[in-house]
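Novice: As a plain string of letters, each chain reads:
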Amino acid sequence: MAAPKPLLTVDDLVVSFDGPLGTYRALNGVSFHVDEGETLAILGESGSGKSVTVRAVMALLPRHSARVEQGTIRYAGEELTALPVRRTRELSSTQLAMVFQDSLTALNPVIRVGEQIAELFRVRLRTSRREAWKRAVAGLDRVGIPNAAARAHDYPHQFSGGMRQRVVIAMALALGPRLLIADEPTTALDVTVQAQIMDLLRELRQADGMAMILITHDLGVVADVADRVAVMYAGTVVETGPLRAVYDRPAHPYTRGLMNSIPAADRPGARLTPIEGMPPSPLRTPSGCAFHPRCPFARANCRSQRPAPRVVAPGHEAACHYAEEVMAGVDVDGSRAA
Amino acid sequence: MSTSTAVARLEVRALRVTYPARGGLLRGAADISAVDRLSLTVTAGRTLGLVGESGCGKSTLARTIVGLRRPAGGEIWYGGERVDDADAARRRRLTAEIQMVYQDPYSSLNPRKKVAFIVSEGWRVHRGLVPREQWPARTAELLERVGLAAELADRYPHQLSGGQRQRVGIARALAMSPRIVVCDEPVSALDVSIQAQTLNLLADLRESLGLGYLFIAHDLSVVRHISDDLAVMYLGRIVETGPAAVVYDEPAHPYTRALISAAPVPRPWAAPPRERIVLTGEVPSPASPPSGCRFRTRCRLAQPRCAETEPELRMVAGREVACHYAETSLSGAVSSGTGGPR
Numbered sequence: 000m001a002a003p004k005p006l007l008t009v010d011d012l013v014v015s016f017d018g019p020l021g022t023y024r025a026l027n028g029v030s031f032h033v034d035e036g037e038t039l040a041i042l043g044e045s046g047s048g049k050s051v052t053v054r055a056v057m058a059l060l061p062r063h064s065a066r067v068e069q070g071t072i073r074y075a076g077e078e079l080t081a082l083p084v085r086r087t088r089e090l091s092s093t094q095l096a097m098v099f100q101d102s103l104t105a106l107n108p109v110i111r112v113g114e115q116i117a118e119l120f121r122v123r124l125r126t127s128r129r130e131a132w133k134r135a136v137a138g139l140d141r142v143g144i145p146n147a148a149a150r151a152h153d154y155p156h157q158f159s160g161g162m163r164q165r166v167v168i169a170m171a172l173a174l175g176p177r178l179l180i181a182d183e184p185t186t187a188l189d190v191t192v193q194a195q196i197m198d199l200l201r202e203l204r205q206a207d208g209m210a211m212i213l214i215t216h217d218l219g220v221v222a223d224v225a226d227r228v229a230v231m232y233a234g235t236v237v238e239t240g241p242l243r244a245v246y247d248r249p250a251h252p253y254t255r256g257l258m259n260s261i262p263a264a265d266r267p268g269a270r271l272t273p274i275e276g277m278p279p280s281p282l283r284t285p286s287g288c289a290f291h292p293r294c295p296f297a298r299a300n301c302r303s304q305r306p307a308p309r310v311v312a313p314g315h316e317a318a319c320h321y322a323e324e325v326m327a328g329v330d331v332d333g334s335r336a337a
Numbered sequence: 000m001s002t003s004t005a006v007a008r009l010e011v012r013a014l015r016v017t018y019p020a021r022g023g024l025l026r027g028a029a030d031i032s033a034v035d036r037l038s039l040t041v042t043a044g045r046t047l048g049l050v051g052e053s054g055c056g057k058s059t060l061a062r063t064i065v066g067l068r069r070p071a072g073g074e075i076w077y078g079g080e081r082v083d084d085a086d087a088a089r090r091r092r093l094t095a096e097i098q099m100v101y102q103d104p105y106s107s108l109n110p111r112k113k114v115a116f117i118v119s120e121g122w123r124v125h126r127g128l129v130p131r132e133q134w135p136a137r138t139a140e141l142l143e144r145v146g147l148a149a150e151l152a153d154r155y156p157h158q159l160s161g162g163q164r165q166r167v168g169i170a171r172a173l174a175m176s177p178r179i180v181v182c183d184e185p186v187s188a189l190d191v192s193i194q195a196q197t198l199n200l201l202a203d204l205r206e207s208l209g210l211g212y213l214f215i216a217h218d219l220s221v222v223r224h225i226s227d228d229l230a231v232m233y234l235g236r237i238v239e240t241g242p243a244a245v246v247y248d249e250p251a252h253p254y255t256r257a258l259i260s261a262a263p264v265p266r267p268w269a270a271p272p273r274e275r276i277v278l279t280g281e282v283p284s285p286a287s288p289p290s291g292c293r294f295r296t297r298c299r300l301a302q303p304r305c306a307e308t309e310p311e312l313r314m315v316a317g318r319e320v321a322c323h324y325a326e327t328s329l330s331g332a333v334s335s336g337t338g339g340p341r
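Just so you know, the sequences run in chain order A and B.
Under numbering that gives the first Met the number 0, the first residue of the first sequence is numbered 0, with each subsequent residue one higher.
Under numbering that gives the first Met the number 0, the first residue of the second sequence is numbered 0, with each subsequent residue one higher.
Okay, chain A solo, but in the shape it has when bound (with noise of 0.2 Å):
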C-alpha cells in the first residue's frame, strides 16, 4: 500500500486572543495532520481549543480580537495563513466544507433551504439558475430529505432539527469537497437521530473518498467512526495515534484519565476514577506542562519543562515526560492493579 499523502497538516500553531481580561492564547502550538479520505476525531473538553483550532483553518476567527501569531497549516501544497483571506475562503468552501454543531443558526431563516443550497453552484460554479435548483434537489435527496423536490421550497424552521442537519450536510457537501470539517456535527441531537447523522457521514464518506475532521468531546462517537484521534488539552494536541492505540493503551496522562473517567458498561456502579482538578483557565495556563497540576504522573521536571509531541508506537505520539511509563500503567479494560 502507498502511503497516504497528508491533505492538511498544521505545525505549530499559535493564535492569541484580545479578551475582556487581557490577550491570552487559545492555541498554543498545534500540530496535527490529516491524509487523503481518513477520519481524524478531534478530542477534547470545552474550552481545550477544538474549535479554534478549525476555525484558523477556515479562516473563520474573529478578524478584530483573533491573531495567528505563529506556524503554518498546509492544504494540498498551499500554504494557507501566507494566502490572502479572500482565497482561503474560495478554497475553503469549494474543497474544504464545515458543518457546524447548531444547525438553526447555520441555515438562514428567511430563505428556503432548496435556495441556499443553489446559491453555492450559482456563484462558485456559475451555473445556471435551472441547473442550480436542479443540483440543490439532488444533493437534498442525497442526505436523505424525503421529498426533496418539494422540501427545496420550505424554510429551515420547516425541518425537524435532525432534517436541518442534513441539510446543512447537503450545503457542506454541495461542491464534493475534498476536507469535510465537523464541528459537533451530532451534540444537539437525540441519540437515535445522532445514529442517523453519523451513518449518512459514514456512508458519504465512503462514497466521496472525502477526508474528515470531527471534533467532539463523545468517546463513544468517536469509536464509532475515527482513524485516527488527537487529544487536545490547554490548547495543544497532547497525544495523536490510530484509534484503538489510543483508546486502549493511552499515553498521555489526560487521555488516560479520560477514559477512566467514563462509565464501564460492565461494571455498573463500580466508582468511577475521575481526573482531580479542573482544566486551566486560558489566563493562566500553568509552566511547564499544562496538565501537571492535575497529573498523578507530574515531577519536578514537569513544572518546569514543556514536553515536546515524541513517537512512543507508530503512528502514536504524545506530549508527555513519562509516557512510557503512563503506556505501562494503563489498563483501561478496568483489570488494574487495587
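Please keep in mind that the hints were generated in silico from the structure rather than gathered at the bench.
There could be a bad hint or two in this list.
[To be verified] Which residues of chain A face chain B? A partial, calculated answer using Cβ under 8 Å: (1) S45; (2) S159; (3) V192; (4) R204; (5) D207; (6) G256; (7) P262; (8) A264; (9) I274.
Since this is a predicted model, take the numbers as computed values, not measurements.
Even glycine gets a Cβ: it sits at the ideal position worked out from N, Cα and C.
Let chain A serve as the given structure and place chain B on it in line with the hints.
Specialist: The following block gives chain B in isolation, referenced to the frame of chain A:
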C-alpha cells in the same frame, strides 16, 4: 423528620400533565399531554433512572413532582400522604423532603446572589428548619459535604466553574435535608472529567444520607452506571421499566432496543457484539400522538393491531413492558433488514 423512621417513598400514580394547545391551527384543539397516565416509585436509598429523548416529557414529569407544575390528573404520594392536592402549609412541609437538581448550572443559580444566600435560601422559606444563627456553620458544612471550599460561600456564581456550580446546586438541594432528590440531567452540561467527579459525589451522598434519586438523563451509559432501576419514556408514557440490569442488558421494548443500540459505546471492540438498529424518522409531536401504540410509526415490529389498541404495561421476563409483541422483540427474531450486527 416525619418520615425518617419508615423508608421514604415517592409514588406517582397515573399522572397526567397537559399543556394548553394555543394559537394557529391548533386553536380550540384539545390540550397536549406531555405526560400521560404515568406511574413510578422512587424509594430512599435507591436510584430510578429515567431515559427518553427530548420532548418525551421527562422534564415536565420532574417539574410536576417537585410542584412546579400542576398535574391535570393522577396522584403524587409521599410518606403516606397525598402531595398534589395538599394545602399550602402541608405541601410546603412535604416538598422540603423532595428536592431537585437542575440540568443547567448556569441558569439555575441566581447570578446576583452569593453562594451563601443560594444555599440558605430554602431556610428563609421553610422557617424553623434551621435556626438563623446556625446558617453560616450549616452552609460551610454543606459546601464541604459537596466538595467545595467553605470560602466559596462569598463568591457569585459567575466566579465558579460549571462543575462547582453544579455542586452548589446539589448543596442547595441538600440544605432541605431531603429524602428524595429529582436530578434532571445533572451532568449533561459538564465535561467528561467533571462529570465523573459529580457522579461519584451523587453516589456518595446516596450512600451516606440514604437519598432516593429520580435520575433523568439522555446518556444511557451514565444512567446505567448510577441506576438500580430503569424506566424508558416515549411520548409521555413509560414503555418499559424494571431492574437496570434486566432492562439495559436485555431490552424487550423495540424502542428501548433501538435506544440502547444507537448509543455509541466508548470501546466497541471490547464490548460484546451488539445489534444495530437505526430508527427511521423522528419522535412525532405530542400534539398529535399516533393512535394505538405511540411508537408504532417508527417500529419495525408494528402490526395492524398496534394502530388499534394501545398496549399497557405488563410483566414480561422480569420487567414491565408496554408492547403487544414484547416476546417477539425479546427473542430478537426480527427479519427486518435494518437490524443485524454490524
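Novice: Does each hint hold? Answer for all of them.
Specialist: A quick look at each hint next to the structure:
1. S45: Check passed: Cβ of S45 (chain A) comes within 6 Å of chain B, closer than 8 Å.
2. S159: 5 Å, holds
3. V192: 6 Å, holds
4. R204: Not OK, violated: R204 (chain A) not within 8 Å of chain B, min 16 Å.
5. D207: Because about 21 Å separates D207 (chain A) from the closest Cβ in chain B, which is outside the 8 Å limit, the hint is violated.
6. G256: 6 Å, holds
7. P262: 3 Å, holds
8. A264: 6 Å, holds
9. I274: 4 Å, holds
Of the hints listed earlier, those the structure fails to meet are numbers 4 and 5, in rising order.
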